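The listed protein sequences correspond, in order, to chains S and X.
Quick note on the working numbering: the first sequence kicks off at 1 and runs consecutively.
Quick note on the working numbering: the second sequence kicks off at 1 and runs consecutively.
The set of hints was computed from the structure by calculation and includes no laboratory data.
Just so you know, not all the hints are guaranteed correct.
[Unchecked claim] Under the rule of at most 30 Å between Cα atoms (straight-line distance), these lysine-lysine pairs were calculated in the DSBU-like manner:
{"id": "1", "chain 1": "X", "residue 1": "Lys191", "chain 2": "X", "residue 2": "Lys315"}
{"id": "2", "chain 1": "S", "residue 1": "Lys239", "chain 2": "S", "residue 2": "Lys6"}
{"id": "3", "chain 1": "S", "residue 1": "Lys107", "chain 2": "X", "residue 2": "Lys404"}
{"id": "4", "chain 1": "S", "residue 1": "Lys275", "chain 2": "S", "residue 2": "Lys215"}
{"id": "5", "chain 1": "X", "residue 1": "Lys404", "chain 2": "S", "residue 2": "Lys77"}
{"id": "6", "chain 1": "X", "residue 1": "Lys191", "chain 2": "X", "residue 2": "Lys410"}
{"id": "7", "chain 1": "S", "residue 1": "Lys215", "chain 2": "X", "residue 2": "Lys404"}
{"id": "8", "chain 1": "S", "residue 1": "Lys215", "chain 2": "S", "residue 2": "Lys19"}
{"id": "9", "chain 1": "X", "residue 1": "Lys404", "chain 2": "S", "residue 2": "Lys146"}
{"id": "10", "chain 1": "S", "residue 1": "Lys309", "chain 2": "S", "residue 2": "Lys243"}
{"id": "11", "chain 1": "X", "residue 1": "Lys318", "chain 2": "X", "residue 2": "Lys209"}
{"id": "12", "chain 1": "S", "residue 1": "Lys6", "chain 2": "X", "residue 2": "Lys404"}
{"id": "13", "chain 1": "X", "residue 1": "Lys318", "chain 2": "X", "residue 2": "Lys115"}
{"id": "14", "chain 1": "S", "residue 1": "Lys19", "chain 2": "X", "residue 2": "Lys404"}
In this text, all values refer to a predicted model and were calculated from it rather than measured experimentally.
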Amino acid sequence: MSIEIKHVSKSFGSFEALKDIQLTIQDGEFVAILGPSGCGKTTLLRILAGFEQPTSGEVRMEGRVVAGEHTLLPPEKRRIGMVFQSFALWPHMNVTEHIRFPIRTHKATPARIKGQEEERIRQILELTGLSHLAARMPHELSGGQKQRVAIARALAPEPSLLLMDEPLSSLDAMLRMDMRREIQQVHRRTRSAIVYVTHDQGEALAMADRIVVMKDGRIEQAGTPQDIYLRPETEFVAKFVSKSNLVQGSWSGNLFTPEGSNTAWNGDGIADYFKASGLYPVRPDQFLLQPDGTEGIPGEVVNVQFQGKEFHYDIRSDERNWEVISPVALRLHEKVRLNLADSAEPLGA
Amino acid sequence: MENTNASTIALPKTGKGRKSLSGLRKLLNLRLLARLLGAAAVLIFFVYPILKLILLSFQGEHGLTLDHYANLLQQDRFWSTLRNTAVIVIGSTVFSLVLGTAFAWIVAYTDIRYKGLLHMAVLLCFILPSYVLTLSWSSFMGAQGWVAQGLRMIHADLTPWSMYSMGGIIFVMGIHHFPLVYLFTLDVFRKIPRDLEWAARAGGAGRLKTIRQITLPLALPGLTAGGLLVFLASLDNFGIPAFLGSPVNISVLSTLIYEEIIGFGPSAFARGASLSVMLGVAAVIGSLIQWILLRKSHASDTIQPDHAPRYALGKMRKPLSAVLWGFLLLVTVVPLASMVSMSLKRAYGLGLTPANFTLDNYRYILFENERVWQAIQNSLVLSGVTMLVCLVLGCGFAYMRVRKPTRFNKAAELATAVPYTLPGIVFALSMILVWMEPIPGWNPGIYGSMTILFIAYICRFLILQIRSGITSFMQLDASMEEAARVSGAGAWRKWTAILLPLLLPGILTGGLLVFLTALTELTVSALLYASGSQTIGVTIFSFEQAGNTLYSTALSSLIVLLIGIGGAGLLLVQRWAARKGFKA
Numbered sequence: 001m002s003i004e005i006k007h008v009s010k011s012f013g014s015f016e017a018l019k020d021i022q023l024t025i026q027d028g029e030f031v032a033i034l035g036p037s038g039c040g041k042t043t044l045l046r047i048l049a050g051f052e053q054p055t056s057g058e059v060r061m062e063g064r065v066v067a068g069e070h071t072l073l074p075p076e077k078r079r080i081g082m083v084f085q086s087f088a089l090w091p092h093m094n095v096t097e098h099i100r101f102p103i104r105t106h107k108a109t110p111a112r113i114k115g116q117e118e119e120r121i122r123q124i125l126e127l128t129g130l131s132h133l134a135a136r137m138p139h140e141l142s143g144g145q146k147q148r149v150a151i152a153r154a155l156a157p158e159p160s161l162l163l164m165d166e167p168l169s170s171l172d173a174m175l176r177m178d179m180r181r182e183i184q185q186v187h188r189r190t191r192s193a194i195v196y197v198t199h200d201q202g203e204a205l206a207m208a209d210r211i212v213v214m215k216d217g218r219i220e221q222a223g224t225p226q227d228i229y230l231r232p233e234t235e236f237v238a239k240f241v242s243k244s245n246l247v248q249g250s251w252s253g254n255l256f257t258p259e260g261s262n263t264a265w266n267g268d269g270i271a272d273y274f275k276a277s278g279l280y281p282v283r284p285d286q287f288l289l290q291p292d293g294t295e296g297i298p299g300e301v302v303n304v305q306f307q308g309k310e311f312h313y314d315i316r317s318d319e320r321n322w323e324v325i326s327p328v329a330l331r332l333h334e335k336v337r338l339n340l341a342d343s344a345e346p347l348g349a
Numbered sequence: 001m002e003n004t005n006a007s008t009i010a011l012p013k014t015g016k017g018r019k020s021l022s023g024l025r026k027l028l029n030l031r032l033l034a035r036l037l038g039a040a041a042v043l044i045f046f047v048y049p050i051l052k053l054i055l056l057s058f059q060g061e062h063g064l065t066l067d068h069y070a071n072l073l074q075q076d077r078f079w080s081t082l083r084n085t086a087v088i089v090i091g092s093t094v095f096s097l098v099l100g101t102a103f104a105w106i107v108a109y110t111d112i113r114y115k116g117l118l119h120m121a122v123l124l125c126f127i128l129p130s131y132v133l134t135l136s137w138s139s140f141m142g143a144q145g146w147v148a149q150g151l152r153m154i155h156a157d158l159t160p161w162s163m164y165s166m167g168g169i170i171f172v173m174g175i176h177h178f179p180l181v182y183l184f185t186l187d188v189f190r191k192i193p194r195d196l197e198w199a200a201r202a203g204g205a206g207r208l209k210t211i212r213q214i215t216l217p218l219a220l221p222g223l224t225a226g227g228l229l230v231f232l233a234s235l236d237n238f239g240i241p242a243f244l245g246s247p248v249n250i251s252v253l254s255t256l257i258y259e260e261i262i263g264f265g266p267s268a269f270a271r272g273a274s275l276s277v278m279l280g281v282a283a284v285i286g287s288l289i290q291w292i293l294l295r296k297s298h299a300s301d302t303i304q305p306d307h308a309p310r311y312a313l314g315k316m317r318k319p320l321s322a323v324l325w326g327f328l329l330l331v332t333v334v335p336l337a338s339m340v341s342m343s344l345k346r347a348y349g350l351g352l353t354p355a356n357f358t359l360d361n362y363r364y365i366l367f368e369n370e371r372v373w374q375a376i377q378n379s380l381v382l383s384g385v386t387m388l389v390c391l392v393l394g395c396g397f398a399y400m401r402v403r404k405p406t407r408f409n410k411a412a413e414l415a416t417a418v419p420y421t422l423p424g425i426v427f428a429l430s431m432i433l434v435w436m437e438p439i440p441g442w443n444p445g446i447y448g449s450m451t452i453l454f455i456a457y458i459c460r461f462l463i464l465q466i467r468s469g470i471t472s473f474m475q476l477d478a479s480m481e482e483a484a485r486v487s488g489a490g491a492w493r494k495w496t497a498i499l500l501p502l503l504l505p506g507i508l509t510g511g512l513l514v515f516l517t518a519l520t521e522l523t524v525s526a527l528l529y530a531s532g533s534q535t536i537g538v539t540i541f542s543f544e545q546a547g548n549t550l551y552s553t554a555l556s557s558l559i560v561l562l563i564g565i566g567g568a569g570l571l572l573v574q575r576w577a578a579r580k581g582f583k584a
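The following block holds chain S by itself, in its conformation from the complex (with noise of 0.2 Å):
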């Protein structure tokens, strides 16, 4: 299904949640909706899925206006799935009884979906891995298993558009890296379009099509995940996405000199908005660490941290602290010079 966002303000009392929003999601595209919390993003979600209208703007659905300043189409009149941060499970109903419930229920489930139930449970439950698990009651299953159970249920009429919020965010950090892998399976094997609202950039990066960053009711950028990753266009997503830091410094036509360096760094794929405010985006990764003595900004190690096949340093130099990222080891209180690792060479080649 294609969505259109147009012109989408939202309000609660004096509080303005979504500013102006423009977005367009093309059929069975992937699009993660990236940001801290209160940055709207649940707020786009709960307009999307029919719970909330907008203040002023409209929503299309296949053309057809399903939210407007008059008109309100109700959840459960559009063709979606959602997944809830809670799961959402009934506690009364088994796992067969949550995926037949939609199947039943909604009136928009295709024909042939509703004709073959027991068929489309079966290979539902088979998708989602929870064959063996369909008579059991929600407080009888695991986390990643209620989760499964929430995919399910919100796949099962054939939805040609899936919410999901925060849909791993209640799950521990190893389950949470399996889930993404059959986030990305379901969404293969369904090609149904998947809106995802997530404060986590790691599984925005690994799983959307197009992300989406948003701050203060605002859509900051919206691109590819190396886009985003790689070509921040703004401060935000560069400290939020990439974690990046922002070396302060001027700029001569393509090269910039960072601050008490003599070195000079190409600017080739840097965001316009860096150039004119005098800053160059650098990931913690991005940044070479050299012998003192050599070009670069001067600096010392204030703090060490061994992570295996890198190690993570605090290095400071003057007033200021960058985050670098490098396999080289150092001792702490150890004198260096910060250079860009490829800065011979442009960007993205």
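Following the hints, position chain X against chain S.
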């Protein structure tokens, strides 16, 4: 539900843009109309009666006056009543506090056995209607009761302490209300983190010092709130002073109001109203203090109660168990048994021997006295209808209150709590004032028929259902509902397939509570009944006033049986719910 918010936002715009859909405007008007009707109903049924009562207490022949109050203050009867009320309320509150706190501490902290059973036994004192407890104690301690028989065996001149006295009233009231303190403090005790007590012990304090300096101060807000609850209940209580005090001319505010209204003198209503305002003000002040105290202790809401015992009783366990069980048996079961044995006697003066044993009293009240049979029918119909109406209204309102906690909904909740917060006798009087002539000069006969009882019961008990409904809805995450809607369920399917099955245990528990409370109600019906609309409570009261102890004890025993059946039903519902995995 989700539409309402949006449509109110769109409201100013519909007036501006001519093009907006007329259907939407109709919907808006309907919502507005429903809201206005709701507000009007709340005002008429819950707020207006109180205003009318207050107004009447100030109304003289020529405008507003303080005459009624001035007259009251000049009467010796008023001052002696006030003194009695104070002594009885304070005495019984202190008695309840001591008993309730002790029981709560033992159940919460020690490893005493059969806690579940002990809990139920304590609650029994409160579940029994106060007049049944009173009757069982007066028959137990009476000249023909078991205590008197026992004492006669020791010495011919020994007689038991008379229950028809201030002491008797304080005692029975204390026993009736101590479960309230117990329930309140039990939770408070369980929520005191045990680390705090351990820290005191580690710091060198002994057991008693720890209890005195750590546990009790921490429990103090809860204890005070529990004490105020009992204070309010004692002010409200009508049955105990009416049964034990009236025969010996001890009156308290609630019985004095009753006598004023029943006496029907020239300015009876006005005097009753002024007395009611005074009693009502005392009750409202008590409620306010309690509310403030509880609001402060809201922080402990997130602390999980700690159910594991903290003190091992060791050798003390058996003696302490014996004392507790002995006390509880003596306080409820033995007097009840005494009452039942009384009801099985052929005549009041006789001992219970096989020759004197008879079921005649039961046969009389059930089959020969039409008024009793009618009272049972009335009470059953009244409480059944009250339960059903409260179920529908209470749950509907609770749902709105939880999902849309607007200022209007909060105010409406407060208003519906008024009839239950006010002493029953005050509320009953305000009902008479409003419904005798709903529109001045027009008497549709509501007062004097069952109708006023229906209205009064529903208004008074609605808040019980609303509270239990709110608790149930709070436990149900909004996402349960949303998941149903995304799955394609409209309003009907959402309620029948998801909400009701999940809420049923909680709602039914609330409903049964309303049913049992209404079934045994005495205070409100004592003032509102007329010939033909008498209730069970009123009938027992009339038997007792007429000196027909055998019949009153027989009917009370029947009531105990009915409550037993109701209680068993409640347990079954809860057990069934627990098996299905719901929180009741």
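Structure-based check of each hint:
no.	hint	result
1	X/Lys191 x X/Lys315	27 Å, holds
2	S/Lys239 x S/Lys6	28 Å, holds
3	S/Lys107 x X/Lys404	28 Å, holds
4	S/Lys275 x S/Lys215	22 Å, holds
5	X/Lys404 x S/Lys77	23 Å, holds
6	X/Lys191 x X/Lys410	28 Å, holds
7	S/Lys215 x X/Lys404	28 Å, holds
8	S/Lys215 x S/Lys19	10 Å, holds
9	X/Lys404 x S/Lys146	29 Å, holds
10	S/Lys309 x S/Lys243	19 Å, holds
11	X/Lys318 x X/Lys209	24 Å, holds
12	S/Lys6 x X/Lys404	29 Å, holds
13	X/Lys318 x X/Lys115	14 Å, holds
14	S/Lys19 x X/Lys404	25 Å, holds
Checked against the numbered hints above, the structure breaks none of them.
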